[in-house]
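Enquirer: Sequence:
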Amino acid sequence: MGTISLAGRPLEQGRVGKFAPAGHLYVIYEDDNNNEYVLSAYTSGTGVTGFIDVEDYNGAYLVPYEYSSEKYINQKYTDRVTLELGDRAAEDVFNIMMQYAAHVDNERIRYFSVAQNSNSFAASLLDVVGL
Numbered sequence: 024m025g026t027i028s029l030a031g032r033p034l035e036q037g038r039v040g041k042f043a044p045a046g047h048l049y050v051i052y053e054d055d056n057n058n059e060y061v062l063s064a065y066t067s068g069t070g071v072t073g074f075i076d077v078e079d080y081n082g083a084y085l086v087p088y089e090y091s092s093e094k095y096i097n098q099k100y101t102d103r104v105t106l107e108l109g110d111r112a113a114e115d116v117f118n119i120m121m122q123y124a125a126h127v128d129n130e131r132i133r134y135f136s137v138a139q140n141s142n143s144f145a146a147s148l149l150d151v152v153g154l
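When you read off a place in the sequence shown, starting at 1, and then add 23, the result is the number in our numbering.
Hints were generated in silico from the structure; no laboratory data involved. Think of the CB as a built atom: it goes at the ideal place given N, C-alpha and C, for glycine as much as any other residue. Be a bit skeptical, because a hint or two may be false.
Unchecked claim - Pair ranges (Cβ atoms, derived):
| no. | residue 1 | residue 2 | range |
| --- | --- | --- | --- |
| 1 | D55 | R103 | 30 to 38 Å |
| 2 | F135 | A112 | 16 to 24 Å |
| 3 | R133 | K99 | 31 to 39 Å |
| 4 | M24 | G73 | 34 to 42 Å |
| 5 | D115 | G73 | 27 to 35 Å |
As the list claims (entries may be wrong) - Below, in silico cross-link-like pairs of lysine to aspartate or glutamate (DMTMM-like), each with a Cα-Cα straight-line distance of 20 Å or less:
| no. | residue 1 | residue 2 |
| --- | --- | --- |
| 6 | K94 | E130 |
| 7 | K99 | E89 |
| 8 | K94 | E59 |
| 9 | K94 | D79 |
| 10 | K94 | E107 |
| 11 | K94 | D54 |
| 12 | K94 | D76 |
| 13 | K99 | E59 |
All chains, please: the whole structure from these sequences, using the hints.
Expert: In structure tokens, the structure reads:
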């Protein structure tokens with residue numbers, strides 16, 4: 024039975040080990056074969072402004088962890104919590120999240136570092152599936 028987790032980490036600033044006073048949230052889906060997939064958003068701009076850009080792999084939002092930008096982050100700085108889905112299958116819930124991610128990506132929503140960012144994207148993913 025697959026799982027969905029919410030993961031978070033501080034944002035690195037410049038040098039490795041130096042952190043900005045901000046964080047980054049993203050969703051991880053682990054399938055029945057222990058393969059992990061990341062659903063995450065970033066800015067297509069300067070890091071402060073631009074558009075929300077949902078990470079994709081070969082045009083799909085099912086991004087294998089090893090091909091995601093998160094693989095470059097030292098995992099000792101990342102925390103995650105497995106979400107309680109009740110009797111719903113993780114694959115079904117994640118498919119709804121990916122559909123929502125496609126809508127967000129296609130709408131070209133403005134990114135604002137303190138309001139509409141990766142964290143609000145992750146919160147919206149949870150909200151759309153009732154978590």
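Enquirer: Against this structure, judge whether each hint is valid.
Expert: Hint check results:
1. D55 / R103: 30 to 38 Å: 18 Å, violated
2. F135 / A112: 16 to 24 Å: Taking Cβ atoms as reference, F135 and A112 lie about 35 Å apart, which means the hint is violated.
3. R133 / K99: 31 to 39 Å: 33 Å, holds
4. M24 / G73: 34 to 42 Å: With Cβ atoms ~38 Å apart, the hint holds.
5. D115 / G73: 27 to 35 Å: Holds: the Cβ-Cβ distance is about 32 Å, inside 27 to 35 Å.
6. K94 / E130: Violated. K94 to E130 sits at ~27 Å, over the 20 Å cutoff.
7. K99 / E89: Holds: K99 and E89 sit about 17 Å apart, inside 20 Å.
8. K94 / E59: Holds, because 11 Å separates the two Cα atoms, which is no more than 20 Å.
9. K94 / D79: 14 Å, holds
10. K94 / E107: 25 Å, violated
11. K94 / D54: 18 Å, holds
12. K94 / D76: 18 Å, holds
13. K99 / E59: With Cα atoms ~17 Å apart, K99 and E59 stay inside 20 Å; holds.
Hints 1, 2, 6 and 10 from the earlier list are contradicted by this structure; the remaining hints agree with it.
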